[in-house]
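2 protein chains.
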Amino acid sequence: MEIKVVANVLKLNDEVAALNRRALAEAGVACLNIMGSPGCGKTALLEATLPRLRPALKIGVIAGDIATTRDAERLAHLCDGVTQINTGGSCHLDANQVRQGLANLDLHALDLVIIENVGNLICPVTFDLGQGAKMGLFSVPEGADKPAKHPRIVLEADLLVLTKTDLLPHVPFDKTIFDADLRSLRDDVTLIETSVVSGAGLDAWCQWVRRFVDERKGVQARQVSQSRTE
Amino acid sequence: MEIKVVANVLKLNDEVAALNRRALAEAGVACLNIMGSPGCGKTALLEATLPRLRPALKIGVIAGDIATTRDAERLAHLCDGVTQINTGGSCHLDANQVRQGLANLDLHALDLVIIENVGNLICPVTFDLGQGAKMGLFSVPEGADKPAKHPRIVLEADLLVLTKTDLLPHVPFDKTIFDADLRSLRDDVTLIETSVVSGAGLDAWCQWVRRFVDERKGVQARQVSQSRTE
Numbered sequence: 001m002e003i004k005v006v007a008n009v010l011k012l013n014d015e016v017a018a019l020n021r022r023a024l025a026e027a028g029v030a031c032l033n034i035m036g037s038p039g040c041g042k043t044a045l046l047e048a049t050l051p052r053l054r055p056a057l058k059i060g061v062i063a064g065d066i067a068t069t070r071d072a073e074r075l076a077h078l079c080d081g082v083t084q085i086n087t088g089g090s091c092h093l094d095a096n097q098v099r100q101g102l103a104n105l106d107l108h109a110l111d112l113v114i115i116e117n118v119g120n121l122i123c124p125v126t127f128d129l130g131q132g133a134k135m136g137l138f139s140v141p142e143g144a145d146k147p148a149k150h151p152r153i154v155l156e157a158d159l160l161v162l163t164k165t166d167l168l169p170h171v172p173f174d175k176t177i178f179d180a181d182l183r184s185l186r187d188d189v190t191l192i193e194t195s196v197v198s199g200a201g202l203d204a205w206c207q208w209v210r211r212f213v214d215e216r217k218g219v220q221a222r223q224v225s226q227s228r229t230e
Numbered sequence: 001m002e003i004k005v006v007a008n009v010l011k012l013n014d015e016v017a018a019l020n021r022r023a024l025a026e027a028g029v030a031c032l033n034i035m036g037s038p039g040c041g042k043t044a045l046l047e048a049t050l051p052r053l054r055p056a057l058k059i060g061v062i063a064g065d066i067a068t069t070r071d072a073e074r075l076a077h078l079c080d081g082v083t084q085i086n087t088g089g090s091c092h093l094d095a096n097q098v099r100q101g102l103a104n105l106d107l108h109a110l111d112l113v114i115i116e117n118v119g120n121l122i123c124p125v126t127f128d129l130g131q132g133a134k135m136g137l138f139s140v141p142e143g144a145d146k147p148a149k150h151p152r153i154v155l156e157a158d159l160l161v162l163t164k165t166d167l168l169p170h171v172p173f174d175k176t177i178f179d180a181d182l183r184s185l186r187d188d189v190t191l192i193e194t195s196v197v198s199g200a201g202l203d204a205w206c207q208w209v210r211r212f213v214d215e216r217k218g219v220q221a222r223q224v225s226q227s228r229t230e
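Here the protein sequences come in this chain order: A and B.
Mapping of the first sequence onto my numbering: residues 1 to 230, in sequence order.
Mapping of the second sequence onto my numbering: residues 1 to 230, in sequence order.
Hint data in this document are derived by calculation from the structure and do not stem from the laboratory.
Since no wrong hints were added, every one of them can be taken at face value.
If you want a taste of the chain A side facing chain B, the calculated C-beta under 7 Å gives, among others:
{"#": "1", "residue": "Pro38"}
{"#": "2", "residue": "Gly39"}
{"#": "3", "residue": "Asp65"}
{"#": "4", "residue": "Thr68"}
{"#": "5", "residue": "Cys91"}
{"#": "6", "residue": "Leu121"}
{"#": "7", "residue": "Pro141"}
{"#": "8", "residue": "Glu142"}
{"#": "9", "residue": "Asp145"}
{"#": "10", "residue": "Lys146"}
{"#": "11", "residue": "Ala148"}
{"#": "12", "residue": "Lys149"}
{"#": "13", "residue": "His170"}
Label-pair restraints from in silico Cβ distances:
{"#": "14", "chain 1": "A", "residue 1": "Ala221", "chain 2": "B", "residue 2": "Lys175", "range": "45 to 55 Å"}
{"#": "15", "chain 1": "A", "residue 1": "Asn104", "chain 2": "B", "residue 2": "Asp174", "range": "27 to 37 Å"}
{"#": "16", "chain 1": "A", "residue 1": "Glu156", "chain 2": "B", "residue 2": "Lys175", "range": "33 to 43 Å"}
{"#": "17", "chain 1": "B", "residue 1": "Thr190", "chain 2": "A", "residue 2": "Ala204", "range": "39 to 49 Å"}
{"#": "18", "chain 1": "A", "residue 1": "Arg210", "chain 2": "B", "residue 2": "Lys175", "range": "35 to 45 Å"}
{"#": "19", "chain 1": "A", "residue 1": "Ala67", "chain 2": "B", "residue 2": "Thr190", "range": "17 to 27 Å"}
These figures come from a predicted structure and were not determined experimentally.
Just so you know, even glycine gets a beta-carbon here, dropped at the ideal spot from N, CA and C.
Could you put the whole structure together from the sequences, leaning on the hints where they help?
Below is the structure:
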């Protein structure tokens with residue numbers, strides 16, 4: 001009985017995620033779901049790169065946290081619309097929360113919605129939010145064993161980012177183990193190594209985002225056109 | 001219906017936690033449940049301090065992770081018994097998993113069981129495991145906003161530890177904000193600031209553990225004696 005209820009919750013979530021995906025496609029907006037541990041540098045990466053991505057891209061942000069509006073406050077002046085979702089105690093964003101977040105953004109004025117999920121390397125991966133791509137973050141001070149300990153985000157991510165590489169001289173981090181564990185799970189996933197302190201990898205991440213938005217809009221346009229002729 | 005099932009799961013968990021608590025009391029073993037984000041330094045703190053706490057204290061460890069036995073391997077030669085619990089995909093240890101972990105340890109030969117929970121600052125806090133005390137870790141590179149964003153662990157912890165203070169010169173971390181947020185939630189909680197690199201705070205943490213074990217054994221002895229006379 002317990003399993004059935006959990007399955008129903010996930011099924012309901014998937015149905016709302018499909019509605020989100022359709023709303024995003026009809027507005028021609030790409031959507032990226034960013035996930036990682038508390039303090040892995042999700043907000044810092046956005047702070048460092050939103051100014052480079054704009055104004056060419058119009059970007060809305062949905063920031064998820066258990067409590068506080070601090071991330072939204074940090075990002076408000078750097079994007080074209082921001083919504084903070086406080087989950088209360090819940091450890092992840094679900095599709096219905098994102099649906100409410102999307103309703104607070106002027107989708108037709110945007111190219112990209114970035115969802116900054118609740119700081120958690122585990123539960124958010126399970127919940128489809130209607131995004132076009134999932135991105136997983138690991139940070140250098142967390143240690144090299146995190147891909148092996150958290151395989152699901154490695155298996156499901158469209159992009160992985162290793163943050164805080166400027167700390168490599170100051171912490172024990174065996175990059176050989178990190179890479180070997182990652183590649184033993186998946187040899188086809190893109191990994192970008194970044195530091196908002198040194199600036200390393202920020203151009204590569206911006207390029208990835210621009211390409212993602214272009215490709216996603218192409219896919220969406222074909223889907224919308226196809227659904228209208230059906 | 002969903003809420004009822006979740007409530008039942010928690011009720012069942014609490015019942016098994018009570019069994020764990022009784023088994024620990026009857027064996028005269030204190031139990032500490034350690035929680036924090038992935039990579040916040042739970043295992044590193046134990047690696048650095050188990051050699052100081054032993055042989056005066058006999059210590060068993062239950063290490064929780066989604067996957068791998070790496071933590072148990074790191075700690076095996078440093079303690080008097082270790083059990084690794086792999087949760088599969090689950091984001092926390094529950095009381096039944098700890099019950100199985102306790103069954104793998106020779107409780108009557110131990111003074112203390114340390115539960116190193118799954119790396120997650122959110123879900124583990126909800127689940128009573130039968131421990132005598134809860135300890136929450138924050139690490140400096142996670143940033144100063146974590147107590148405000150994760151209030152429940154602050155509210156429920158018997159001890160908070162701030163790890164990796166050696167990184168303070170290398171990362172932005174506003175200690176004034178960290179302290180103010182912490183004290184606005186609770187002004188009575190003990191905070192120990194540690195670094196396994198510099199050694200700062202390790203003596204204070206060991207002293208806290210020794211006092212906890214002494215006090216807990218006293219409480220348990222009175223409880224067991226009382227239940228026998230009832």
